[in-house]
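Add chains B and C with the ligands to chain A, keeping to what the hints say.
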Amino acid sequence: MRLKLSALKPLATLPALLALAGCDTGNYRLFHPLTAVAKVQWWATLFEAGIMSLIIVPTAILIAWFIWRYRKSANAKYDPAWSHSLVLEVLVWGVPLVIVAICSLISIRTTLDVEPYAPAVLAKNPADTAPLDIDVIATDWQWLFIYPQQHVAAIDELVVPENSVVHLRLTSTAVVNDFFIPQIAPMIDVMPGMRTEDTFDTPDPGSYTGFSADFSGAGFSWMQFHTHIVTPAGFGAWVAQAAASPVQLSYQEFTKLAQPTVNEGNKPSYFSNAASNLFDNVVTAAQAGVVYPVPDNVTKQVASLEDGGTAATTK
Amino acid sequence: MATQAAPGAGTRLFHPHFEGHDQISARTLGFWLYMLSDALLFTGLFLAYAVLNNPMGAAGGPIATQIVNPVEGMWQTYAVLGSVAAYSLATVALKKGSMVGVMAGIVISILLALVFLGYEVHDLMGLMAQGHGPDSSGFLSAFFVLIATHGLHMVFGILWMIVMLVQIPTLGFSPNVVARLLNLRMFWQFQATVWVLVYVYVYMIGAF
Amino acid sequence: MQVAIQGPWSPLLGRLTLSAIPYTNPILVGTFAVAALIALVVAGAVLYYKKLGYLWREWLTTVDHKKIGVMYIIVGLVMFFRAFVDGLMMRTQQAMAIGPHSPGVLGAQHGYLPPFHFDQVYSAHGTIMILFAATPLLTGLTNVVVPLQIGARDMAFPYMNALSLWLTTAGAILVMLSLFVGDFSSAGWVGLIPLTELPYSPGVGVDYWMWAIQISSIGTTLNAINMIVTIIKMRAPGMGWFRVPVFTWTTLSTNIIGLTAFPILGVVLALLGADRYLGTHFFTAGNGGNLMLYTNMFWIWGHPEVYFLVLPAFGIFSEIIPTFSEKPLFGYTTMVAATFAIAGISWAVWLHHFFTMGAGADVNGFFSIATMLVGIPTGVKVFNWMFTLYRGRLTFTTPMLWALAGLFLLLVGGITGMMLAIPAINYTVHNSVFVIAHFHCMVLLVAAAIFAGVVYWFPKVFGFQLDEKNGLMFFWSFITATAIVFTAMFALGFQGETRRLDYIFNPAWRPMLWTEEAGMMLYLVSIFYFLRMLYVSLRDRVPVASDPWGTARTLEFLTHSPVPFYNFAVTPQVNARDELAWRREHGLDKAQPEAFEPIHMPSNTGVPIIIGMLSLTLGFGLIWRIWWMAGFSLLAIIIAVIIRSFDKNLGYELKPEEVAAMERNLATASIIAEQPARTPLTEAEAH
Ligand code: HEA
Ligand code: HEA
Ligand code: CUA
Ligand SMILES: [Cu+2]
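Residue numbers (the numbering used here), protein chains in the order written: chain A, 1 to 315; chain B, 1 to 208; chain C, 1 to 687.
Calculated from the structure, these hints are not laboratory results. Values in this document were obtained by computation on a predicted structure and should not be read as measured data. Every residue gets a Cβ at the ideal spot worked out from N, C-alpha and C, and that includes glycine. One thing to keep in mind: the hints can contain errors.
Stated by the list, open to error - Below, computed lysine-lysine pairings styled on BS3-like, alpha-carbon distance capped at 25 Å: (1) A:Lys267 to A:Lys300; (2) B:Lys95 to C:Lys648; (3) A:Lys72 to C:Lys469.
Stated by the list, open to error - What follows is a list of derived Cβ distance ranges for each label pair: (4) C:Thr333 to B:Trp32: 26 to 32 Å; (5) B:Ala50 to C:Glu585: 54 to 60 Å; (6) B:Pro16 to C:Thr682: 22 to 28 Å; (7) C:Val41 to B:Leu114: 54 to 60 Å; (8) B:Met99 to C:Lys50: 35 to 41 Å; (9) B:Lys96 to C:Glu585: 54 to 60 Å; (10) C:Met521 to A:Ile102: 41 to 47 Å; (11) C:Lys648 to B:Ala50: 43 to 49 Å; (12) B:Thr193 to C:Ser645: 20 to 26 Å; (13) B:Val107 to C:Gly360: 40 to 46 Å; (14) B:Leu111 to C:Thr682: 37 to 43 Å; (15) C:Ala591 to B:Gln189: 45 to 51 Å; (16) C:Ile642 to B:Met99: 19 to 25 Å.
Isolated chain A (complex conformation) (with noise of 0.2 Å):
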C-alpha cells in the first residue's frame, strides 16, 4: 500500500504558516530545500509536525482550558470519584496508535526516498547522465574532496555541476565526522576505517557551506567547506584549474595533509594527478591500524594564545 502524500499536504499547511507569520525565514536554511532529497526531508518535517500538532495542540489546549476551568476558585462541577472510563481509556490508546500508524507510513516512505546509498527519489525521474562520483576523505579537520574521473582533488571545497547527481564515498583518517550540507545534501556518518555513501541531487547554481556535524575533538568548530554549484562549463574550467596545480596528490602527500590541521576561513587548496586508488589505500590503512594521533599539546593550542598559540596548527 502506498501512502498518497498529497493527501496530506493540506495539514502540512499550519506549521508553515506558523513558521513562516510575520518573520523572514531566510537564515532558517532548513525550511528552504534545494535539491529533491532536501525537497523530501522537508515535506517529512511538514507533515510529522502537522500530524502530531493535531493531537498535540488540542492535548495542550484542552489541558490549559481544564486549568482554568477547574481551578478551585470557580466552583465548577467537582466529580471526587470520577477516575475511571472504559470508552475514554479505549480512546487514549487507540488514537495516539492511529497517529503513530500513520508516522510510521511516512517515516517508511521518506526513508526510502532519501536513503543516502539509493535515493528512491532519484530513481523516479533518472538523469540522462550517469552520476559524478567523488571521494570524500575527512581529516582532523579537513575536507579531503578527491574526483577519480577527473583526477584532481580539492581541500576544504566541493565543486559540483548544477542539475546534476552526485555520488559520494566517505571515510575518514582518524575519528568519526559527519557529513552535511543544509538545504541540499542529507547527513551521513564519516567513519574511520570504513566507507559510507551520499547521494542528492543538485540545484541550480549558488555557493553553499557544508560542515561536519559530529564533535571531532578541539578543530571541529573550523571543520566547514565551500560548496559551489556551477554550470557545466564552468565545472569543467574548474577542473582544469584545479588539473594545472603543481602539487600531485599521491598518498605519500596525503598522510602529511592529514596531520591535525585547522584551515580557519576554509581556504581551498587544489592537486593535480590525484592518485586513483587513494580513498582504498586510506580505508585499508585505517583498518591496518594507522593512526594520526592527536597530542595534548596540538588540542590546548587550538584557537588558543597560550604556549605558542594557534600557528602552529594553522595554514
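Just chains B and C with the ligands now, kept in the frame of chain A:
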C-alpha cells in the same frame, strides 16, 4: 473499584505484630537480582566476542579455530563441574549440620577451581608467548577479556570460600553464615553455567 | 602489557605532576578559591559548633533511608549547580565567539574559552547533569519516599543503601576533582569513539570521565537491587499490587531498567578502559576493532537511561496532580501498564541515536517505528493526567505548578522527539541544537518533577514547609528562562546550528544566541529565589501537620511530620489504594495506634563511607596510573568487605515506652535530632 471498601467492624487500621519482612527471602531475591546483573555483564562480553570473532576482527591474526582446543577446554569443564559437585556435597553436609563435612566439601571445591584456573592461566600465557596477546587484534582482545572476566569471578569465588572456611568455625552456622553459604552456592553454580556457555560458544562452536 | 603513554610517569605519583594543577588559569583558580572558601566555612562551622561527632554519628555513618535520601539530594543539588555553571559558561562562550572577527580574552582566540576548555565544559555538563545531578536527585527522592509510601521501616538492605550513596558520591567527587587536578574528558557525555581512544585523547580526561561513571554506576546498580527487593518484599499488610501507589510503581520500573541497563554501561566502559590501559582493540578503527560496537553498546544503556530519568518524574506528577485536584488519579491500571510499556519499549530503540550511520532503510525504518511506539503509552499518561484535572478542585501550590509546567514541556519535547524519530528528518537535524532543545525539554521536565517532589515532600521529612512566595518566584523565573533559552535553540536548530561548537562560524545566528544569553541571566535570578526560599523557610520554620497539604492521598502522609526515624510507630494496615484519602473520607485519618510494640532497628556503620572513599582513591590511582595507590585501595576495599562480614551487630531495639515517649515529643525522633547511643542486641535477645 473493588479495591476500595467502606470501613466496617472488622476494619483494621494498624498491624501491631507485623514483623517487617522475611530477611532470608529478601536476601535471596537480592542475590538473584545481583546475578541477573552479572548475567547482563556476561551478555555484553559475549556480544563483543560475537561481533569481533571473524576475519575482520582478527585483523590478519589467528581466529578462534586456530587457538582454542576443545579437548583441553573439556578438562577445564570437568574441573568446574567437579567443583560445583563438591560444593553440593558441602550443602548436603550443611543440612546435616556437619561442620567438618561442609569444610571438606569447600576445600575440595577450592582445589578443583584452582585446577581450572591453572589450566586457564597456562592457556592464556601460552598464547601470549606465541605473540597472540590481547593487544594483537580485536578478536584476541574479546577472547582474553571474556575468559579473564570469568576467571576473575572464579578467583572471587575462591576468596569467598576461604572466608567461609574461617567463618564456619568461628561464627558457627549462624543465620548470616548459612545465608552466605547458600548464596555462594548460587554464585558458584552460576559461574559454572557461564563457563559451560563459554565452552560451548567459544571452544566447541569456535573450533569448527 | 600495559600500554606506553605520553609524558612523564613516576612510580610514586604516576602521571601526576605539578603542571596538572591549572594554577595559571584564572577561571579555575577563582573557582578553586570560592570552593575552598565554602569548604573552610562549612568545616569551620562544624568545628565551632562542635558538630563533627554529630555529623559522623548521625549522618555519615547512617543507614536510615531518609537521611541517605536527603544526602543524595544534597549531592545532586550541588552537582546541579555546578553543571548549571557549565551551561552558563557554554552559552556565554557561544554568545561571544561569533564570526572570524570576534575578539578573544583570557588566552582564547575567540570568546574566552579555547576548544580545549570548552569541550571539557560541555562534556562535564552532560555527564554531571545526567549521572551526578538528575540521577542522585531522583534516587534521593525515591529513597526518602518509597519506604514511607509502602509503609516499610526502611529499605530491604540499609547497609547497602549507604554504600550506594557513598559510591555515587565518590564518582561525583572525582568529577569535581578534575577541575583542579588535571582535565576532564572532551569527548562529550557519550564518550565519542574513537575520540576517546589514546591517540586522540592521550590525557587523563577520558579516564576521569570513565572511572567516575563506572564507580557511581555500581552504586546505581546496587540501589536498583535494593529498591526492587524493597518494593516486592516490604509492602505493609494489605497493600496488594493493585494498591501500590503510582510513584512506587514507576520506581520499580525505573529500577528494573537500572538493574538491566547499567551492567551494559559497566562493560562498555571497562572495554574502553582495556583499550586505554592494556592496548586491546575493542573499539579502535584498526587492528580488528569495531567502533560501532561501542556506539551500539553505549546507547543500549544510554537510551533506557533517559527513561530511567523520566519514569520517576512521571511518578511524581502522578502523585501531585491528584493531590491538588482533590481526586483520584484517572485510569490507575492503564497508568501502570503504560509505565511498563515505556520501560519495555525503551530496550528496542537505541539505534535512533545514530540513524546517520548508514544502516539500510530497513534497519532505520524498524527503529523509527519502535521509537514512535513509545509515544502511545506516554500519550496515555498525558491524557490520564488531563482527565485527573477534569472536574477536580485545583489548587496551584508550587508543586502543582511545577507538575503542570512539566506537562507542557513533555508535549514540546514529545513532538520534537517524534520528528527526530523519522530518519528523513533526522538526516537534517541530527547533532544539531534542535536535538539539544528536544532533550532539554525532556530533562527540564525531569528537573521540574524534582523541584515539585522536593517541595512536596520537604515538609514531610523536616516538619516545616518551604516558603511558597519565594518558591513561586523561583518557579516563574526558572520556567520563563527555560522557555526563552530553548525556544531560541529550536530556532537555531532550523537555522542549521550544529551542537558542540566552540566558535560560531555563522554570524546570522547572533540574535538567537543573544536571546539565549538573556534567558541565562533569568536563570541566575531563579537561583537567587531558590536560595532565598531555603533561607526564609529555614528562618521561619512554620510547623505543619502530618499531611501538610491537607489533600494528600498516600501512606507517607499518614505518619507524623517530621517523620520519626522509625517511620511508623506501628505498621499501618492498608485498606484502599489511596489509603490516606480513604481514611479521611471515613473520618479515620486522625486515628492513632493504641499500643506500641518493640521496634527493631539496624545500627549505624562506618564501613560504607570508608569503602566509598577507598573507591575514590582507587579511581584516582587508576586515572593517574599510580599503581600502588590503586592496588592498595582495592585490597583495602576487599579487606573492609571481609571484616564487615564478620560483624556480629544485630541492630538494636526500641522499647515500647521509648516509642511512646518519642511519639509524644516528635522533636526527639526527627531527622535532625541526635539519638543517644544504643546498645546492640545480643544473640540471645534477637531470638
Ligand atoms: C539532566 C540533564 C540536563 C539538564 C537539567 C540540563 C540543563 C541545562 N543545559 Fe544541558 N545538556 C545535557 C543535560 C542537561 N542539561 C546533556 C546530556 C548535554 C549534552 C552534552 C554533550 O554534548 O555531550 C547538554 C548540553 C547542553 C548544551 C549544548 C552545548 C552544545 O552542544 O552546543 C547547552 C547549551 O546551551 C546546555 C545548556 C543547559 C542549560 C542552560 C540548562 C539549564 O536548564 C540549567 C538550569 C539550572 C539551573 C538554573 C540551576 C538550578 C540549581 C539549583 C536550584 C540548585 C542550587 C543549589 C545550590 C546553590 C547548592 N546543555
Ligand atoms: C528524559 C529524557 C528523554 C525523554 C523522555 C526522551 C523522549 C523521546 N526522545 Fe529523546 N533524547 C534524550 C532524552 C530524552 N528523550 C537525550 C538526552 C537525547 C540526546 C543524547 C545525545 O545525543 O547527547 C535524545 C535524543 C533523541 C533522538 C536522537 C536525536 C539525534 O541525535 O539525532 C531521538 C530520535 O528519535 C529521540 C526521540 C525521542 C522520542 C520519540 C521520545 C518519546 O519518548 C517522546 C514521547 C512523548 C510524546 C510523543 C508526547 C506525549 C504524547 C501525546 C500527547 C500523545 C500523542 C502522541 C502520539 C500520537 C505519538 N530522542
Ligand atoms: Cu558507524 Cu561505521
Ligand atoms: Cu533515545
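Each hint, compared with the structure:
no. : hint                             : verdict
1   : A:Lys267 to A:Lys300             : holds (23 Å)
2   : B:Lys95 to C:Lys648              : holds (23 Å)
3   : A:Lys72 to C:Lys469              : holds (19 Å)
4   : C:Thr333 to B:Trp32: 26 to 32 Å  : holds (28 Å)
5   : B:Ala50 to C:Glu585: 54 to 60 Å  : holds (58 Å)
6   : B:Pro16 to C:Thr682: 22 to 28 Å  : holds (24 Å)
7   : C:Val41 to B:Leu114: 54 to 60 Å  : holds (56 Å)
8   : B:Met99 to C:Lys50: 35 to 41 Å   : violated (50 Å)
9   : B:Lys96 to C:Glu585: 54 to 60 Å  : holds (57 Å)
10  : C:Met521 to A:Ile102: 41 to 47 Å : holds (42 Å)
11  : C:Lys648 to B:Ala50: 43 to 49 Å  : holds (47 Å)
12  : B:Thr193 to C:Ser645: 20 to 26 Å : holds (25 Å)
13  : B:Val107 to C:Gly360: 40 to 46 Å : violated (57 Å)
14  : B:Leu111 to C:Thr682: 37 to 43 Å : holds (38 Å)
15  : C:Ala591 to B:Gln189: 45 to 51 Å : holds (50 Å)
16  : C:Ile642 to B:Met99: 19 to 25 Å  : holds (20 Å)
This entry does not satisfy hints 8 and 13, going by the numbered hints stated previously.
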